[in-house]
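In order, the protein sequence lines correspond to chains R and C.
With the first sequence counted from 1, adding 534 to any position gets you the working numbering.
With the second sequence counted from 1, adding 387 to any position gets you the working numbering.
These are calculated hints, taken from the structure and not from any lab test.
Treat the hints with caution; some may be incorrect.
Claimed, not checked - Take a look, some chain R residues computed to stay more than 10 Å from chain C by CB distance:
#1 SER660
#2 LYS674
#3 ALA680
#4 ARG684
#5 PRO688
#6 ALA697
#7 GLY722
#8 ILE723
#9 GLU730
Said to hold, decoys possible - With a straight-line cut-off of 25 Å between C-alpha atoms, the simulated SDA-like cross-links for lysine to any residue are:
#10 C/LYS540 <-> R/ARG696
#11 C/LYS540 <-> R/GLU542
#12 R/LYS674 <-> R/LEU662
#13 C/LYS532 <-> R/HIS550
#14 C/LYS532 <-> C/ASP491
#15 C/LYS540 <-> R/HIS577
#16 R/LYS674 <-> C/ASP491
#17 C/LYS532 <-> R/LEU572
#18 R/LYS674 <-> C/ALA521
#19 C/LYS532 <-> R/PHE713
#20 C/LYS532 <-> R/GLU543
#21 C/LYS540 <-> R/GLY728
#22 C/LYS540 <-> R/PHE713
#23 R/LYS674 <-> C/GLY451
#24 C/LYS532 <-> R/LYS674
#25 R/LYS674 <-> R/GLN694
#26 R/LYS674 <-> R/PHE713
#27 C/LYS540 <-> C/ASP518
#28 C/LYS540 <-> R/ARG588
#29 C/LYS532 <-> R/SER584
#30 C/LYS532 <-> R/GLN694
#31 C/LYS540 <-> R/LEU700
#32 R/LYS674 <-> C/ALA438
#33 C/LYS540 <-> R/LEU662
#34 C/LYS540 <-> R/ALA582
#35 C/LYS540 <-> R/GLN694
#36 R/LYS674 <-> R/ARG696
#37 C/LYS540 <-> R/SER584
#38 C/LYS532 <-> R/LEU662
#39 R/LYS674 <-> C/LYS540
The structure presented is a predicted model; accordingly, all values stated were derived computationally and were not measured.
Glycine included, every Cβ here is placed at the ideal spot set by N, Cα and C.
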Amino acid sequence: MHQHLSEEELAELALHPHEATSSLVPAQIGDCAECATLYGRYHRLHDAVSELPRTATPGRDLLPLVLRSVDEEPATLAVGLRPLIAPKRPLSVRVLAMAASVLLAFMLGRLSVNGNEEPSAVLPSSPLGAAMDVQEAGTKYLTAVAVLTRMDAPPQVRAQGRAAALATLYGAALQLAHFETPDGNLSGIATSLGAERESAHGPPSRPDSFSRPSSR
Amino acid sequence: MNTPDSEELAQLFRSHHRRIYLTVLRFVRQPAIAEDVVQEAFLRAWKSWNAFRGESSRETWICGIAIRCAWQAARSEGKHVGADVDELAHLESPGRLPHESSIDLERAIARLPPRGRAVFVLRDVEGFSVDEVAALLDMATGTVKAHLFQARKRLITLIEPA
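Produce the entire structure from the sequences given, and follow the hints as far as they go.
Take a look at the structure:
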């Protein structure tokens, strides 16, 4: 009497026969009509997969676009960039590193709560790159705000962090309000955020956009 | 390891972009998005050139970057964009026309849910191990196996109704 293989095992065996760990398995399949039928179906899937094309040519010539993007990148980006997905570190290390980064940024005066400095942003190479940057930056932003909220930070640092977080939200809301067609809801949110900033720090120096050059 | 000059990058691109493009196209299903992803992947590869540790081939490394970009794009586009399955009928097969069964399979793959499609393409078409797929898609190994099982089960039904 033999033991039936599970459907998952049969599929794995049929689709990746070179990875099979035991030569007894095919014999077991041969002993059972039900297993053999199911194995046959997955084997035909394997055959169809092996018929699939391996290459395709893009509709556009992408090489000039890639080379142009490379040429347009700032030289400082050419060395030592972080990998796309950074290796995970323990939460305590990440929290401490993030808190240290926030404090260091304040000490260096890089987070300007009054908006007197242009953000030192690097322009993304494409709309897709921009969307990915938004996703990554959004995750960092939320984590950093959570750290500021939960950690026992000095009141002044907390206040600066809150102001910086509000300023970012305000700028993002202004940009989003004009994303495709003017959006009344987002304009309302931006107005509320602007009022909140104003009540805490006085009138913003650049009320309508982060990226607009200062007229002062 | 120095960042490659334009000619070296161009050589790398010419050698590998067609295979990477097809893998990405199977993920995102839209040629225009796949082209953007390939462009972004090579740019990111160039920018993080020094992060390559030589544990795999350079092609596999860039393919990994492209897959992560494609996965991000597929997740964000998946809810809004339908499968452009007819585009998949024009794929190349070196030296011969695409076999009818392979076109059927391409269409069946394109109709899979995003996660099932991603794990099937990586595991059963590209030949990555389950652990590698889990790392590339940032999923648990058990989750990969579950989606893979469902995808395979659905494919044998789609291409060969019982």
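Status of each hint after checking the structure:
With a least beta-carbon separation of about 6 Å from chain C, R/SER660 fails to lie farther than 10 Å from that chain, contradicting its non-interface assignment. For R/LYS674, the shortest C-beta to C-beta distance to chain C comes to about 15 Å, beyond the 10 Å cut-off, and the non-interface label holds. No Cβ of chain C approaches the Cβ of R/ALA680 within 10 Å, the least distance being about 20 Å, so the stated non-interface status holds. No Cβ of chain C comes within 10 Å of the Cβ of R/ARG684; the nearest lies about 25 Å off, and the non-interface call holds.
For R/PRO688, the condition that its CB be more than 10 Å from all CB atoms of chain C holds, with the nearest at approximately 36 Å. With a minimum CB-CB distance of about 31 Å to chain C, R/ALA697 clears the 10 Å threshold, and the non-interface call stands. The beta carbon of R/GLY722 is kept farther than 10 Å from every beta carbon of chain C, the shortest such distance being approximately 25 Å. Distance check on R/ILE723: its Cβ is at least 22 Å (rounded) from any Cβ of chain C, clearing the 10 Å threshold; non-interface status holds.
At the 10 Å boundary, the C-beta of R/GLU730 stays outside the reach of chain C, the nearest C-beta of that chain being 30 Å off. Proposed proximity of C/LYS540 and R/ARG696 is contradicted: the alpha carbons are some 51 Å apart, above 25 Å. A distance of roughly 9 Å separates the Cα atoms of C/LYS540 and R/GLU542; the hinted pair therefore holds under the 25 Å criterion. Proposed proximity of R/LYS674 and R/LEU662 is supported: the alpha carbons are some 19 Å apart, at most 25 Å.
For the given pair, C/LYS532 sits about 14 Å from R/HIS550 by alpha-carbon distance, which is consistent with the 25 Å threshold. Under the criterion of a C-alpha separation no larger than 25 Å, the hint pairing C/LYS532 with C/ASP491 is consistent with the structure, at around 24 Å. For the hint pairing C/LYS540 with R/HIS577, the CA-to-CA distance comes to about 12 Å; that is within 25 Å, so the pair holds. Between R/LYS674 and C/ASP491, the direct Cα distance comes to roughly 42 Å. Violation of the 25 Å bound is thereby established for this hinted pair.
Using a Cα cut-off of 25 Å, the hinted pair C/LYS532 and R/LEU572 holds, with the two alpha carbons roughly 18 Å apart. Pair hint R/LYS674 plus C/ALA521 holds up; C-alpha atoms about 23 Å apart against a cutoff of 25 Å. Distance restraint check for C/LYS532 and R/PHE713: the Cα-Cα separation of roughly 40 Å exceeds the 25 Å cut-off, and the hinted pair is therefore not satisfied. Restraint check: the Cα-Cα separation between C/LYS532 and R/GLU543 comes to about 11 Å, which is no more than 25 Å; the hinted pair holds.
Between the alpha carbons of C/LYS540 and R/GLY728 the distance comes to roughly 54 Å, so the proposed pair goes past 25 Å and is violated. For the proposed pair C/LYS540 and R/PHE713, the alpha carbon gap of about 42 Å is over 25 Å, so the pair is violated. Between R/LYS674 and C/GLY451 the alpha-carbon distance is near 23 Å, which keeps this suggested pair within the 25 Å criterion. For the hint pairing C/LYS532 with R/LYS674, the CA-to-CA distance comes to about 30 Å; that exceeds 25 Å, so the pair is violated.
With a C-alpha separation of about 17 Å, the suggested pairing of R/LYS674 with R/GLN694 holds against the 25 Å cut-off. A hinted pair counts as satisfied when its Cα atoms are at most 25 Å apart, and R/LYS674 with R/PHE713 qualifies at roughly 22 Å. Proposed proximity of C/LYS540 and C/ASP518 is supported: the alpha carbons are some 21 Å apart, at most 25 Å. Taking the CA atoms of C/LYS540 and R/ARG588, the gap is about 23 Å. The hint holds against a cut of 25 Å.
Under the criterion of a C-alpha separation no larger than 25 Å, the hint pairing C/LYS532 with R/SER584 is consistent with the structure, at around 21 Å. Annotation: proposed proximity of C/LYS532 to R/GLN694 is violated, straight-line Cα distance about 47 Å (limit 25 Å). Restraint check for C/LYS540 and R/LEU700: not satisfied, since their Cα atoms lie roughly 50 Å apart, outside the 25 Å limit. About 21 Å separates the Cα atoms of R/LYS674 and C/ALA438, which keeps this hinted pair within 25 Å; it holds.
For the proposed pair C/LYS540 and R/LEU662, the alpha carbon gap of about 33 Å is over 25 Å, so the pair is violated. Restraint check for C/LYS540 and R/ALA582: satisfied, since their Cα atoms lie roughly 14 Å apart, inside the 25 Å limit. The hinted pair formed by C/LYS540 and R/GLN694 fails the criterion: a straight-line CA distance of about 55 Å is larger than 25 Å. For the hint linking R/LYS674 to R/ARG696, the alpha-carbon distance of about 15 Å falls within 25 Å, and the restraint holds.
Restraint check for C/LYS540 and R/SER584: satisfied, since their Cα atoms lie roughly 18 Å apart, inside the 25 Å limit. Pair hint C/LYS532 plus R/LEU662 does not hold up; C-alpha atoms about 30 Å apart against a cutoff of 25 Å. As the CA atoms of R/LYS674 and C/LYS540 are separated by approximately 39 Å, the hinted pair breaks the 25 Å bound.
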